[in-house]
Amino acid sequence: VVAPAMVKAYLRYQSQGVFGLIASNACNTAVTDDGKLVLSGANEQIAAWSLRKGTLEACYRAPTVQHQVTHIVCKPGDDNVVAAGYQDGCVRVWYRAENKMALALHGHKTAVTCL
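Last residue of the sequence shown: 1119 in my numbering, with the numbers rising by one and none dropped.
Incorrect hints may appear among the rest.
[To be verified] Cross-link-like lysine-lysine pairs, in silico, BS3-like; alpha carbons within 27 Å at most:
1) 1079 with 1040
2) 1040 with 1104
3) 1104 with 1079
4) 1104 with 1057
[As the list claims (entries may be wrong)] If you anchor each label on the Cβ, the simulated ranges turn out as follows:
5) 1055 with 1103: 16 to 22 Å
6) 1062 with 1112: 24 to 30 Å
7) 1079 with 1056: 20 to 26 Å
8) 1112 with 1057: 32 to 38 Å
9) 1106 with 1033: 19 to 25 Å
10) 1033 with 1108: 17 to 23 Å
11) 1056 with 1112: 34 to 40 Å
12) 1054 with 1092: 27 to 33 Å
13) 1111 with 1058: 35 to 41 Å
Hints were generated in silico from the structure; no laboratory data involved.
Each residue gets a CB set at the ideal place from its N, CA and C atoms; glycine is no exception.
Given the sequences, and given the hints that come with them, work out the whole structure.
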């Protein structure tokens, strides 16, 4: 008896977005200085939620990132700049208004737990 060949469709996984995830339990949340948004780690991306409306306002995700966000902090006095630590030890700095990553700092060997 010959078994049929298995199709390896699971290897073609591509992240399309996260359905229903508000925040990962491995990450803190950060509220902007103006109190309008809360930022949370949602697996590989940072989600910006409106506190007044309760809606998702923006998501920040680098295309090649495959590691979970572990810590988020907003720059005091300038809510446009957000720093996020990741499970792979990288710290990425984001400009929220432009929705782009400013720089990535690779120096840690383990997950970033505090910024």
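Going down the list of hints, with the structure as the test:
1. About 15 Å separates the Cα atoms of residue 1079 and residue 1040, which keeps this hinted pair within 27 Å; it holds.
2. Simply put, residue 1040 and residue 1104 have alpha-carbon atoms about 20 Å apart, close enough for the 27 Å limit, and the pair holds.
3. With a C-alpha separation of about 16 Å, the suggested pair residue 1104 and residue 1079 falls inside the 27 Å cut-off, and the hint holds.
4. In summary, the hint linking residue 1104 to residue 1057 is supported, as the alpha carbons are separated by about 24 Å, within the 27 Å threshold.
5. Between residue 1055 and residue 1103 the beta carbons are some 20 Å apart, a value that agrees with the proposed interval 16 to 22 Å.
6. For the pair residue 1062 and residue 1112, the supplied restraint of 24 to 30 Å holds, since their beta-carbon distance comes to about 26 Å.
7. Between residue 1079 and residue 1056 the Cβ separation comes to about 22 Å, which falls inside the hinted range of 20 to 26 Å.
8. Between residue 1112 and residue 1057 the beta carbon distance is about 36 Å. The supplied range of 32 to 38 Å therefore holds.
9. For the pair residue 1106 and residue 1033, the supplied restraint of 19 to 25 Å holds, since their beta-carbon distance comes to about 21 Å.
10. With their beta carbons about 22 Å apart, residue 1033 and residue 1108 fall inside the hinted range of 17 to 23 Å.
11. Distance hint check for residue 1056 and residue 1112: the Cβ-Cβ separation is about 36 Å, which falls inside the suggested range of 34 to 40 Å.
12. Range check, residue 1054 to residue 1092: Cβ separation about 29 Å, and the 27 to 33 Å hint holds.
13. Distance hint check: the CB atoms of residue 1111 and residue 1058 are about 37 Å apart, consistent with the given range 35 to 41 Å.
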